[in-house]
Amino acid sequence: MIAVVAGLLYAYILWGAIGNLIQLPKELGTLTPWWLLIVDVAVPAVVYLAAILLGLRQRFVTRAVLFVLGATVLGCCTVGSIAFVQTH
Amino acid sequence: MSGSDDDDEALTWAGGRDPSHYETPEVKPRKPPKPARSTAKPAAAPADADDDDELSPPTSAVVLVSLGILGGIYLLYTVGWFVSWQRFLYASADELELIAFHVQQVLAIVGPPLWFTVTLLLTRERKPQVRLLWLLVGALVLIPWPFVFGS
Chain A
1 MIAVVAGLLY
11 AYILWGAIGN
21 LIQLPKELGT
31 LTPWWLLIVD
41 VAVPAVVYLA
51 AILLGLRQRF
61 VTRAVLFVLG
71 ATVLGCCTVG
81 SIAFVQTH
Chain L
89 MSGSDDDDEA
99 LTWAGGRDPS
109 HYETPEVKPR
119 KPPKPARSTA
129 KPAAAPADAD
139 DDDELSPPTS
149 AVVLVSLGIL
159 GGIYLLYTVG
169 WFVSWQRFLY
179 ASADELELIA
189 FHVQQVLAIV
199 GPPLWFTVTL
209 LLTRERKPQV
219 RLLWLLVGAL
229 VLIPWPFVFG
239 S
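Residue numbers (the numbering used here), protein chains in the order written: chain A, 1 to 88; chain L, 89 to 239.
I should point out that these hints are in silico values taken from the structure, not numbers from a laboratory. Don't take every hint at face value.
As the list claims (entries may be wrong) - A few chain A residues that face chain L, going by a derived Cβ cut-off under 10 angstroms, partial list only: (1) Val5; (2) Leu74; (3) Cys77.
As the list claims (entries may be wrong) - Coverage of chain L stretches by chain A, computed from C-beta distances (three or more under 8 angstroms per stretch; other residues unrestricted): (4) 163-176; (5) 199-210; (6) 213-224; (7) 232-238.
For glycine and all other residues, C-beta sits at the position ideal for the given N, C-alpha and C.
Using the sequences provided together with the hints, build the complete structure.
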């Protein structure tokens, strides 16, 4: 159950990253940081898989905490990416 | 027969059966309690040993120092994310996107202390190296880039 809820939240972040991958190159042109946009798309999936694997034999609370921790990592990556695009 | 009665009498005091005469000082010469205490110690020793076992991984000086350094780094990260949250300006026409951004900013602030705490809790029974490795991974993943970029 927690995996489904977390999956939806992570999917929203993944959706935003895919949107950036499509939209930003039109705005930034040759200055597009492709590596960053690709990393932003990959990170939600990687973090979700990591949270699933690390929480395999854990209690519900532990699995929930791992998903929250994953969300914090996604928050760091997203805000960091926006800061990079703004400053470069 | 009478000789044995005499022996019994010789070993008892006349008022020995008087309850008021029950001599508490008799307890004094009983030194077996001390050995009993000493025997109780081995019984408690396994618990102490367990405590030692639980504490034994971080008791290494190197591990302790490493944990202290990493704890300081995580604290700096938290401050870095907090400062960037205060001065980071982000505009978007999409209200939902704006809310999501602010939520992610808060999550970013919570990230370092949460990673540190969760790592210490979930790796209690693991080797100190594993614990330090996970903390190093967190220190790489949670770098406050907005603070570094000055945004």
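Here is how each hint holds up against the structure:
1. Look at Val5 (chain A): its Cβ only gets to about 15 angstroms from chain L, farther than 10 angstroms, so that hint breaks.
2. At its closest, the beta carbon of Leu74 (chain A) sits 7 angstroms from a beta carbon of chain L; the interface hint therefore holds under the 10 angstroms criterion.
3. At its closest, the beta carbon of Cys77 (chain A) sits 8 angstroms from a beta carbon of chain L; the interface hint therefore holds under the 10 angstroms criterion.
4. With 3 residues having a Cβ less than 8 angstroms from any Cβ of chain A, the stretch 163-176 of chain L passes the three-residue criterion, so the hint holds.
5. Judged by the Cβ-Cβ criterion of 8 angstroms, the stretch 199-210 of chain L is covered by chain A as claimed, because 5 of its residues qualify and three suffice.
6. Coverage of the stretch 213-224 of chain L by chain A is violated [criterion: at least 3 residues with CB-CB distance below 8 angstroms; count 0].
7. Only residues whose beta carbon comes within less than 8 angstroms of a beta carbon in chain A count, and the stretch 232-238 of chain L has 5; three or more means the coverage holds.
This entry does not satisfy hints 1, 6, going by the numbered hints stated previously.
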